[in-house]
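Engineer: One line per chain: the protein sequences are D and R, in this order.
Going by my numbering, 315 is the number at position 315 of the first sequence; the sequence numbering is gapless.
Going by my numbering, 249 is the number at position 249 of the second sequence; the sequence numbering is gapless.
Just so you know, the hints here were simulated from the structure itself, not pulled from any lab data.
Here the structure is a predicted model, which is why all the values come from computation and not from measurement.
Cβ coordinates follow ideal geometry from the N, Cα and C atoms, glycine included.
Fair warning: there could be bad hints in the mix.
A few chain R residues facing chain D, derived, Cβ under 8 angstroms [claimed, not checked]:
#1 M38
#2 A41
#3 Q271
#4 F281
#5 A477
#6 L481
#7 A485
Residues of chain R clear of chain D, computed beta-carbon distances all greater than 12 angstroms [to be verified]:
#8 W95
#9 G109
#10 R168
#11 R170
#12 G238
#13 D261
#14 V367
#15 L421
#16 Q440
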Amino acid sequence: MPQPVNAELGQASELLMLLASIAYVVAFIFFVLDLVRSSTTINAVEARLASEQAASTRSLASVGAGGGGSTVAEARPAPVTADDSMDYGSGARRGTARIAVALTVLAAVIHGAAVVSRAFAAHRVPWGNMYEFCTTGALLVSVIFLITLTRKDLRFVGSFVVGLVVVMLCAATVGFPTPVSRLIPALQSYWLIVHVSIAVASSAIFTITFAMSVLQLLQTSREAKLLAGKADTAKFLRLVPSALSLENLSYRLNAIAFVGWTFTVMAGAIWAEQAWGRYWGWDTKEVWSFVIWTVYAGYLHARATRGWTGTRAAWLSIVGYLCIVFNFTIVNIYFSGLHSYAGV
Amino acid sequence: MKQDTDARAASGARGDVVVPELGVVGSLRWAWTQLTSMRTALFLLLLLAVGAVPGSLFPQRPANPAVVTQYLQDHPDTGPVLDWFQLFDVYSSVWFSAIYLLLFISLIGCVVPRARAHYRAVRSTPPRTPKRLSRLPVHGTVEVPAEEARAVGLTPSSAARQAAAVLRKRGYRVDVRDDGTAQPSVGAERGLAKEFGNLVFHISLMGVLVAVAIGGLFGYTGQKVVVEGDTFVNTLIGYDSFSPGSNFSDDRLEPYSIRLDAFDVRFDREQESNYGQPLDFTANLTTQDGPGAEEEQQVLKVNAPVSIGGTNVYLVGNGYAPVVTVRDAEGNIASEGPVVAVPSDGLYTSLIVIKAPDAQPDQLGFVGFFLPTAFVDEEGVSFSRDPDPFNPQLNLNSYYGDLGLDDGTPENVYVLDTEELTELNSRNNDDGGIVLSVGQTYDLPEGKGSITFDGLKRYIALDIHHDPAKVGAFVFAMLALFGLAASLFIARRRLWVRITGHDDGGLVAEYGLLARGEDHRLQDEGLMVRKLLEDRWSVPEVTTGEYRVQEAASSAAGTGQSQNTTKDN
Ligand code: HEM
Chain D
1 MPQPVNAELG QASELLMLLA SIAYVVAFIF FVLDLVRSST TINAVEARLA SEQAASTRSL
61 ASVGAGGGGS TVAEARPAPV TADDSMDYGS GARRGTARIA VALTVLAAVI HGAAVVSRAF
121 AAHRVPWGNM YEFCTTGALL VSVIFLITLT RKDLRFVGSF VVGLVVVMLC AATVGFPTPV
181 SRLIPALQSY WLIVHVSIAV ASSAIFTITF AMSVLQLLQT SREAKLLAGK ADTAKFLRLV
241 PSALSLENLS YRLNAIAFVG WTFTVMAGAI WAEQAWGRYW GWDTKEVWSF VIWTVYAGYL
301 HARATRGWTG TRAAWLSIVG YLCIVFNFTI VNIYFSGLHS YAGV
Chain R
1 MKQDTDARAA SGARGDVVVP ELGVVGSLRW AWTQLTSMRT ALFLLLLLAV GAVPGSLFPQ
61 RPANPAVVTQ YLQDHPDTGP VLDWFQLFDV YSSVWFSAIY LLLFISLIGC VVPRARAHYR
121 AVRSTPPRTP KRLSRLPVHG TVEVPAEEAR AVGLTPSSAA RQAAAVLRKR GYRVDVRDDG
181 TAQPSVGAER GLAKEFGNLV FHISLMGVLV AVAIGGLFGY TGQKVVVEGD TFVNTLIGYD
241 SFSPGSNFSD DRLEPYSIRL DAFDVRFDRE QESNYGQPLD FTANLTTQDG PGAEEEQQVL
301 KVNAPVSIGG TNVYLVGNGY APVVTVRDAE GNIASEGPVV AVPSDGLYTS LIVIKAPDAQ
361 PDQLGFVGFF LPTAFVDEEG VSFSRDPDPF NPQLNLNSYY GDLGLDDGTP ENVYVLDTEE
421 LTELNSRNND DGGIVLSVGQ TYDLPEGKGS ITFDGLKRYI ALDIHHDPAK VGAFVFAMLA
481 LFGLAASLFI ARRRLWVRIT GHDDGGLVAE YGLLARGEDH RLQDEGLMVR KLLEDRWSVP
541 EVTTGEYRVQ EAASSAAGTG QSQNTTKDN
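In isolation and in its complexed conformation, chain D is listed as follows (with noise of 0.2 angstroms):
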């Protein structure tokens, strides 16, 4: 006999929740900050630049433009000041993106305690209704941005998955709020602990492709643009790597997340087997899994393909990531199957 749901706890877990939210949208703004300085920053150094007409290289270079200073000196302004791997320790401190990073680490570690504070209220996994797939994959999305972040610089997308976090939350707590509650019987399995942990692990990292896909596509038409001698117009994106290093790395990550959905696909499968006796029966979660497979499958072809590197691949990316959402939202609330437990 399972013990009962501890109501008190889940109320807690939901303010933490609130108060994770909060601390999102404060990292967020300060995010949106960093890019919107470095840009006048930039601005500035330009500014001064075209006063003093490519003086001296060396002392421009060490004012520090957010970038290798080399770059500067030239006469047209190269389309990329950010180091190109990713590391850190090049260019310049950017003291509000650290305000940022840690204001997000807070915000994960409170959205952390909301989530294990949930699964104690309701002894088990807490991923059992759409609730809790989002405030669950949220945390994985910030969680695993997080100690990608230890590695590679990539604070540059730092406002855009920090915004996709706030999103998912707010679809949560708005869209699908849900009480601490048992499992129904068709989710009472062990396969839900494996099938759906992966299934949200893989797709927040297709989450963080998808942020650095759209920035690939517009640094790849920013790059043309520069190369035709055009104005820069989006100049924010200097604090972007090129596009081709944004492409490796998002191939790397979606590789990985792949290797995880093809997991959760086949988990799925052996858990329908159990549960409603057959492994695959084109129910509409099931053709929605696969047309998700199939698109990143052909994304991992494109990157092996004359003429589909680059922006058809990032294309791609973004098309998967879009089935994701889809599978996600549209066909748990809309269509009925026989995954229609989404607790909606």
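Please arrange chain R with the ligand on chain D, whose structure you already have, making use of the hints.
Structural biologist: Here is chain R with the ligand on its own, set in the frame of chain D:
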């Protein structure tokens, strides 16, 4: 990534448009080249994704035949057009099958030559040493000063062999060439498992497809509703509905039997917000492997099927079966026993249809609701307030006339076609509807007979599946998963070391690395190998000169990796 682009160009070379040779053989070859090109594979993959979508937008026959029929009735104009395009049978449609069959032919055409090439690669020695190692994306030199070399008696030849040993220990397969000359070199290669994994992955996908096909041919599925106390026997007539695979024959059915002794249901009673939500369904069964076999007690739950006689038995639904007796105008029993009511919501408000074709002189029929915990709202409408049977009630309309069961057309037991019948009771006529609690009897108007609500039982809905190939599908799926991980995460690299002896006895070891495919750690590998060689020959670490050369060269080649490891902001 220059070296990547090269690799891509190589693997995509087949995708280039080939000028067709003339003649039939030529065109066939051309078609084959096109079909097995990477670009076609990509196109077919994306097409497959798009093709799968309509199956989620339109109802599908295999899953919901009734919904499809309804859809066709509701959309007499567009429905048949959609049907012609097989949009209600997407996954068995000609066009969807064509996409995936073409994809798999393309796959075979892709995998076979690659497997052959890989077999050759595995059997051959690492490729010959390039003339200029400094052209490789990652390269460098290690110098052994004359004194050090003399101290340990190092010659070009022994240095080459030692380098080979170091590399072998690091997982490379190695080959020493030009041994004994003034410039011996080592060719090394690792990560052949990457390609192997890729092949295993693609082949396993075909394995999965074949397993699915075999399951479809030789398997079967069936449904059966079992009321408490009743027994199901696994024979063709035992099923309510049955879908055999195309190669099925009935002697595959093992005549086991399953009796439902009791069905226990628990609903949430503690939590306000989820009051009445189901917590547990447990069916207690008595099974027998065949006539005369020993009886066995088994428990069936939602996520825990029971295996018996080569099949799996699943609990897929449950509900109430009110026990009802219908007497006809002459006072004879026209029908009696439990009647399965179909739940329409979480509170088990259930639809019920009772047919008494044996009633004399007129056949009788009843349609209505079963409510486990009946309540009446302000407007006088009855509804159920709880899924447990605290106040079970039947609300029925009654009809008499020809039920239409005798003309042999298959009839849905859960539907009563009232068009040809005459109404006896309903909310809209003078006699009103029939409302019965357990133990009550209602006498029909015009002396047509009576109906009694004797008691209440529960029933379970079982799905019974036999899929002889599911283990195969599982094994291939697992192989695919491991193959995929190997192909994505193992790095395939080639490495060469060339030793040059100086006149003064000192040595220079030049090394160069080349990745096949994506490899963001090539630079680190270069540094690691350098360190291993330096340690082997106890060369003090050199941090000037070449280091920068190497870095400059590699960033020119665009590996994108910088050596900067400080994290100061
Ligand atoms: C059912 C259809 C297919 C699926 C689901 C599929 C899936 C995949 C996946 C997930 C990868 C990633 C592994 C990797 O990058 O190493 C891959 C790689 C690859 N596939 Fe397929 N594939 C299919 C059909 C084909 C076909 C028809 C071809 C041949 C034209 C092909 C050729 C390749 C090649 C050459 C690679 C290695 C690409 C690279 O160098 O990264 N695949 N495939």
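Engineer: All hints are to be evaluated individually against the structure, with a verdict given for each.
Structural biologist: For each hint, the structure was consulted:
Interface restraint check for M38/R: the shortest CB-CB distance to chain D comes to about 5 angstroms, inside 8 angstroms, so the restraint holds. Given the 8 angstroms rule on beta carbons, the hint for A41/R holds: about 6 angstroms separates it from the nearest Cβ of chain D. Look at Q271/R: its Cβ gets to within about 6 angstroms of chain D, closer than 8 angstroms, so that hint holds up. With 8 angstroms as the threshold, the beta carbon of F281/R comes within range of chain D, its nearest partner Cβ sitting at about 5 angstroms, so the hint holds.
The closest approach between the C-beta of A477/R and any C-beta of chain D is roughly 5 angstroms, which is under the 8 angstroms cut-off, so the hint is satisfied. Among the interface hints, the one on L481/R holds; its C-beta lies about 6 angstroms from the nearest C-beta in chain D, closer than the 8 angstroms criterion. At about 5 angstroms, the closest approach between the beta carbon of A485/R and any beta carbon in chain D falls short of 8 angstroms, and the interface hint on this residue holds. Distance check for W95/R against chain D: the nearest CB is about 15 angstroms away, which clears 12 angstroms, and the non-interface claim stands.
Even its closest Cβ contact with chain D, about 15 angstroms, leaves G109/R beyond 12 angstroms, as expected for a residue assigned away from the interface. Under the 12 angstroms C-beta cut-off, the non-interface status given to R168/R relative to chain D holds; the minimum distance is some 28 angstroms. Distance check on R170/R: its Cβ is at least 22 angstroms (rounded) from any Cβ of chain D, clearing the 12 angstroms threshold; non-interface status holds. For G238/R, the shortest C-beta to C-beta distance to chain D comes to about 17 angstroms, beyond the 12 angstroms cut-off, and the non-interface label holds.
At roughly 19 angstroms from the closest C-beta of chain D, the C-beta of D261/R stays outside 12 angstroms, upholding its exclusion from the interface. Consistency note on V367/R: stated as away from chain D, and its beta-carbon is indeed over 12 angstroms from all of that chain's, at 25 angstroms minimum. Distance check for L421/R against chain D: the nearest CB is about 32 angstroms away, which clears 12 angstroms, and the non-interface claim stands. Residue-level check passed: Q440/R sits 33 angstroms from the nearest beta carbon of chain D, beyond 12 angstroms.
Checked against the numbered hints given earlier, this structure breaks none of them.
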